[in-house]
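Protein chains: 2
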Amino acid sequence: MLYELSEKIYKLENEGKRVIRLDIGEPDWRPPESAFRTLLDSLEDGRDRYASAAGELELREKIAELHGCDARNVVITPGSKWGIFMLLKLHLKSRDNAIIFSPHWPAYELICKSLKANPRILKLKSEDNWRINFASLEDAIDSKTKIIILNSPCNPTSHAWGEREERNIMELASERGIPLLVDDAYRDLCFRRRKERQLGDNLLIANTFSKTFGMTGWRIGYIAVPAEIAHKAVKLNQITINNVSVFLQMAASKAIEEKMKFAEKVRKICKRRAEIAAGILVRRMHFTHPNAGLYLFPKLPERIDTGRFLRRLLENGIAVAPGNAFGEYKQHIRISLCKREEILKKALDKIVEVVEECE
Amino acid sequence: MLYELSEKIYKLENEGKRVIRLDIGEPDWRPPESAFRTLLDSLEDGRDRYASAAGELELREKIAELHGCDARNVVITPGSKWGIFMLLKLHLKSRDNAIIFSPHWPAYELICKSLKANPRILKLKSEDNWRINFASLEDAIDSKTKIIILNSPCNPTSHAWGEREERNIMELASERGIPLLVDDAYRDLCFRRRKERQLGDNLLIANTFSKTFGMTGWRIGYIAVPAEIAHKAVKLNQITINNVSVFLQMAASKAIEEKMKFAEKVRKICKRRAEIAAGILVRRMHFTHPNAGLYLFPKLPERIDTGRFLRRLLENGIAVAPGNAFGEYKQHIRISLCKREEILKKALDKIVEVVEECE
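These protein sequence lines are chains A and B, in that order. Residue numbers for the first sequence follow numbering that gives the first Met the number 0, beginning at 0 and rising by one. Residue numbers for the second sequence follow numbering that gives the first Met the number 0, beginning at 0 and rising by one.
Hint data in this document are derived by calculation from the structure and do not stem from the laboratory. Keep in mind that this is a model prediction, so the values were computed, not measured. All C-beta atoms, glycine included, are put in the ideal place defined by N, C-alpha and C. Wrong hints could be hidden among the right ones.
As the list claims (entries may be wrong) - Using C-beta positions, here's what the derived DEER-type ranges look like:
(1) A:12 <-> B:200: 30 to 36 Å
(2) A:355 <-> B:32: 53 to 59 Å
(3) B:327 <-> A:226: 57 to 63 Å
(4) B:3 <-> A:29: 35 to 41 Å
Go ahead and model the full structure; you've got the sequences and the hints to work with.
Written out as structure tokens, the structure reads:
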């Protein structure tokens, strides 16, 4: 649903229509200058040949250092989506299930279904401030549960669970012997910095350069996982995507040196925008206050038909994502706060205006 | 086996060892200058954002024109390998089978197995000049046959089947209602130019920019297929690789404008190298004369142990691919002719020398 909307908008844009895209989690900040320079230098050095399906050693070593593991635990992927696809494919057989906390990134569910596995959706509530009910989690686990997915901060809520809550999930997963896949795409965007996770026996880390570094269209991410899983992922790369372009890996390898500084900068941007957005939307909508970037996930007043609202909004040149793309949240919308303040303010004012119109 | 060898050599190279890599089908010619320029311009224009999972319209339209179809038939992929993986995944369920003429690119077989489908290998013989026995082909097809793969020119033999032979396969596939997947990675390298295939109802075309344009590490290819298959492939892209970097698509879109001229140039290079190689190898080995680039697939004298031969060769700083990576051809080796003439001649002389040593 999210992807269909996206394709529809690409089409509108191809036809010359201008749309303010608050439907897509795409940072407006540019990648580090040094990444561009390294890309160009690498091309000039002829680093555009076939290469290892594991990824370049230099980059894998830097990533391994972040996560307290070895380069052989790290596999470079064209975006974290491919990493997540691989990890789900490697863990889920037909009729197995994966635990997914909802609202959730639609790809998890779609990937499970494409593997003929069952996404076992644990619906969380905004009224509970998205807290996880551990009793329900324990009940949801059965002998066919082969993976638990934790996306914290979460897309679409931008809610990062507390460190104790996360630790409890990890411990529970460990006790049950079920690998925990952590999708850390947004971790650098926590308003209060959280350090990189350290790789444990039971942990599968997926991450991307897209959000922190604004490198969405560069298509580069990674997984950090136990060595035998990494080995299988390399084998899967060999028969699918082969390798990520080396010149892009070199650029990412340069970018990662600036991670601390860069993340600090974008964290501030995210926080400021979230405050601005909250200040405007509070006039007409309920939402939980995020503790990370990039999104708000407000609830529309009950009498509003979300479909009609989204169409009206699109007629006004603004796209946001429908809540039911992320689970059973049809009264919600996901607003991506990825625009400069002036544009963002105007767009958010318009959103409130259209809410008022539709009421 | 091919990929393990490759990873082993990347490791040796990381350790500082120099290897003349005749094991890998990687052209030594550089991509068109205009492709580099367009890549840089596109980056400067900020064409590095999330984009359509189908690929950029501009590029898809140019490809569609080549194959006499519509842009909606074309999906851009990170290399043809991903295109082939998708097409096999979309056609093969567990226990279905795919007909593969052998010797064959190992990825076909590995992909089938990863999908729990059966690769049905039709072994061809160098003594028959790799001719296809139509009676065996008809016998091999059963109700579980869901796709036939034709790779002409073939990796590893560089044999392109005659146009009549190809037409016969197409007709047979059509009559049986079995889609024919044509992997045309090497088609531009036929010593006598063959025009691009026109998309038919029963045809699935996969191609890459890697070989013709020497853009191996740029990871860009495409499929041209019936619209409903393209639609499914886009959906699969959405949950896996998302999209190929737009700046790379723009570069490919520029490159394709020079396809005729560029292909003409590399065709001549391939032809000349094949002649040189044949002249040297004929001293000690049997092989069929290729009618396309990039390989020779000679047979070692019977008394030579191929494993021992390859190790000796690697000690001499030269890698070639073992024949059994491509099917039951353990006495063969695949030599990639992707080096400048002086280097190639020296390496081929050395290969002959090592054959003599091992005899």
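Discussion item. Need the list of violated hint numbers for this structure, in ascending order.
Written reply: 3
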